[in-house]
Amino acid sequence: MYRDYAPLGVKFHYIYKALAHPEINGYVSPFTIEERLQHVAIAKAQLGSQIDWLCDTMTNDLKHAFGDAPNSEFVIDPAGTVVRKRAWSDPLALRKDLESLVGAVAQPTRVEDLKLPSISPARQAAKEVVPRLRLPGQFAPVVTSPMLTESEVPFYVKLRVEADSDLLRQGKGRLYLGFFLDPIYQVHWNNRAEPMSFEIQAAADTRISPAQGQGPKVSLAADSDPREFVVDVELADRSVPLTVTVRYVACDDAETFCLPVAQSYSITLQADRDGGNRRSAMPAAPPASADMSSRMRQRVLSFDKDHDGIVQLADVPDRMRQFLQAADANHDGAIDGDELRTLRPPPGGPPRPKQKRSPSPPP
Amino acid sequence: MKCRCVAATVIWCLFLDAALAAQAPARPPMAGFEQKKPAVGEPLPEVRLFNAAGQEVNLSSLRGQYTVLVFGCLT
Chain A
0 MYRDYAPLGV KFHYIYKALA HPEINGYVSP FTIEERLQHV AIAKAQLGSQ IDWLCDTMTN
60 DLKHAFGDAP NSEFVIDPAG TVVRKRAWSD PLALRKDLES LVGAVAQPTR VEDLKLPSIS
120 PARQAAKEVV PRLRLPGQFA PVVTSPMLTE SEVPFYVKLR VEADSDLLRQ GKGRLYLGFF
180 LDPIYQVHWN NRAEPMSFEI QAAADTRISP AQGQGPKVSL AADSDPREFV VDVELADRSV
240 PLTVTVRYVA CDDAETFCLP VAQSYSITLQ ADRDGGNRRS AMPAAPPASA DMSSRMRQRV
300 LSFDKDHDGI VQLADVPDRM RQFLQAADAN HDGAIDGDEL RTLRPPPGGP PRPKQKRSPS
360 PPP
Chain B
0 MKCRCVAATV IWCLFLDAAL AAQAPARPPM AGFEQKKPAV GEPLPEVRLF NAAGQEVNLS
60 SLRGQYTVLV FGCLT
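Chains as they are written, first to last, in numbering that gives the first Met the number 0: chain A, 0 to 362; chain B, 0 to 74.
I should point out that these hints are in silico values taken from the structure, not numbers from a laboratory.
Accuracy of the hints is not assured; some may be wrong.
[As the list claims (entries may be wrong)] Calculated from the model, a selection of chain A residues having no Cβ within reach of chain B, i.e. all distances over 10 Å:
| hint | residue |
| --- | --- |
| 1 | PRO77 |
| 2 | SER88 |
| 3 | LEU97 |
| 4 | GLU193 |
| 5 | LYS216 |
| 6 | VAL230 |
| 7 | ALA235 |
| 8 | VAL239 |
| 9 | THR244 |
| 10 | ASP271 |
| 11 | ALA313 |
| 12 | GLN321 |
[What the hints assert, rightly or not] Quick list of in silico lysine to aspartate or glutamate cross-link-like pairs, DMTMM-like style, CA-CA up to 25 Å:
| hint | chain 1 | residue 1 | chain 2 | residue 2 |
| --- | --- | --- | --- | --- |
| 13 | A | LYS10 | A | GLU151 |
| 14 | A | LYS95 | A | GLU33 |
| 15 | A | LYS95 | B | GLU33 |
| 16 | A | LYS43 | B | GLU55 |
| 17 | B | LYS35 | A | ASP331 |
| 18 | A | LYS95 | A | ASP76 |
Just so it is clear, CB atoms sit at the ideal spot from N, CA and C, and this is done for glycine as well.
Use the sequences and the hints to build the structure in full.
Take a look at the structure:
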């Protein structure tokens with residue numbers, strides 16, 4: 000499209016935004032604009048991109064101003080007015096847009112005319128050494144603020160925090176802590192050193208168990224698997240953030256440095272709408288019964304009034320709503336996309352509609 | 000659908016022709032996206048952002064020609 004329409008004066012901008020699915024290809028959410036710009040540079044280099052790239056701010060101003068969709072597309076006219084928009088980029092539709100707005104090109108570029116490079120994921124130390132944690136139930140990312148100014152070195156390890164729906168709603172539930180190596184720094188866990196450790200500090204009456212932990216001892220000298228933990232939390236005061244401090248030894252893959260690091264985070268038990276969904280990157284939970292899951296999804300979709308693939312919780316029966324609220328990971332009052340795809344029957348089977356009693360036959 | 004946001008897919012969205020598009024898996028609609036701003040007919044919002052060199056720019060600087068904006072990320 001760029002090749003066809005850039006010569007006709009159309010400008011193309013790829014807007015780099017918050018990660019939609021952290022963990023895919025090992026990438027984790029950046030903490031600073033410099034790190035996000037580094038993602039842009041990696042993507043540009045790997046793809047051999049010719050178009051201009053723009054980068055959203057760390058407060059995700061552009062993503063919010065344009066409707067929060069992960070892969071949306073807009074066409075702007077010369078006066079700066081939006082003339083086309085769609086939630087998902089669609090090259091067919093975009094070409095039709097440009098044909099109607101600018102004119103058709105004589106010989107549209109074909110796939111085989113392009114020499115697209117293939118993406119090589121960032122190389123990291125050994126993987127699948129430390130078993131991944133399978134989360135019990137649905138978890139959603141919460142607002143996690145690294146204390147950037149207190150650290151003299153980059154956050155080679157990045158913490159991702161997710162809470163289950165009980166913790167988010169009632170202040171009592173489970174908290175996931177995932178410590179991920181950031182591939183842009185090309186570092187690994189030094190397993191010859193003391194394993195990484197963390198501790199959580201909270202308000203006086205908040206209960207956390209365990210409030211500290213340590214990564215596993217690994218016989219392999221180095222690996223790049225995340226270190227994951229789940230802790231039980233009972234908050235005394237939601238307004239007081241938790242403080243998580245992590246200690247680890249950071250070693251780069253080129254073995255030019257190895258240094259002890261201590262870094263802290265402030266955790267607010269509030270859903271982070273820009274936190275992305277890492278379920279797509281996780282190993283799939285074993286379905287109890289694929290057929291049962293499929294039937295349950297069909298049952299849920301039967302309440303999709305406008306047939307757009309999104310089921311509003313307000314539209315389903317009470318009993319089903321109670322079940323679906325736990326599956327509404329981003330708490331937007333609807334079940335869609337990944338939430339629907341990862342829906343699993345509750346113990347005892349899928350929710351069933353109430354059976355209407357047949358009127359008793361007249362005596 | 001798993002790789003809907005992988006950069007390659009996004010770049011392909013900008014480059015590829017109908018043949019590849021026809022092979023792409025159906026994508027789920029976004030809840031209420033059409034109702035969200037900016038609507039068709041509305042001006043670009045005034046939002047700051049950065050170019051690839053890290054210099055701050057404003058969206059209003061994109062006026063003057065037809066412009067295509069595509070959102071995406073590495074994952």
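Evaluation of the provided hints:
1. PRO77: 5 Å, violated
2. SER88: 4 Å, violated
3. LEU97: Since the minimum Cβ distance to chain B is about 7 Å, LEU97 (chain A) lies within 10 Å and the statement is violated.
4. GLU193: Nearest chain B Cβ is 31 Å from GLU193 (chain A), so the label holds.
5. LYS216: 30 Å, holds
6. VAL230: Holds, because the least Cβ-Cβ distance between VAL230 (chain A) and chain B comes to about 26 Å, which exceeds 10 Å.
7. ALA235: 35 Å, holds
8. VAL239: 32 Å, holds
9. THR244: 27 Å, holds
10. ASP271: Holds, since 15 Å exceeds 10 Å.
11. ALA313: 12 Å, holds
12. GLN321: Its Cβ never comes within 10 Å of chain B, the nearest being 21 Å, so this holds.
13. A:LYS10 / A:GLU151: 40 Å, violated
14. A:LYS95 / A:GLU33: With Cα atoms ~37 Å apart, LYS95 (chain A) and GLU33 (chain A) exceed 25 Å; violated.
15. A:LYS95 / B:GLU33: 19 Å, holds
16. A:LYS43 / B:GLU55: Holds: LYS43 (chain A) and GLU55 (chain B) sit about 19 Å apart, inside 25 Å.
17. B:LYS35 / A:ASP331: This hinted pair holds, its Cα atoms lying about 14 Å apart.
18. A:LYS95 / A:ASP76: 15 Å, holds
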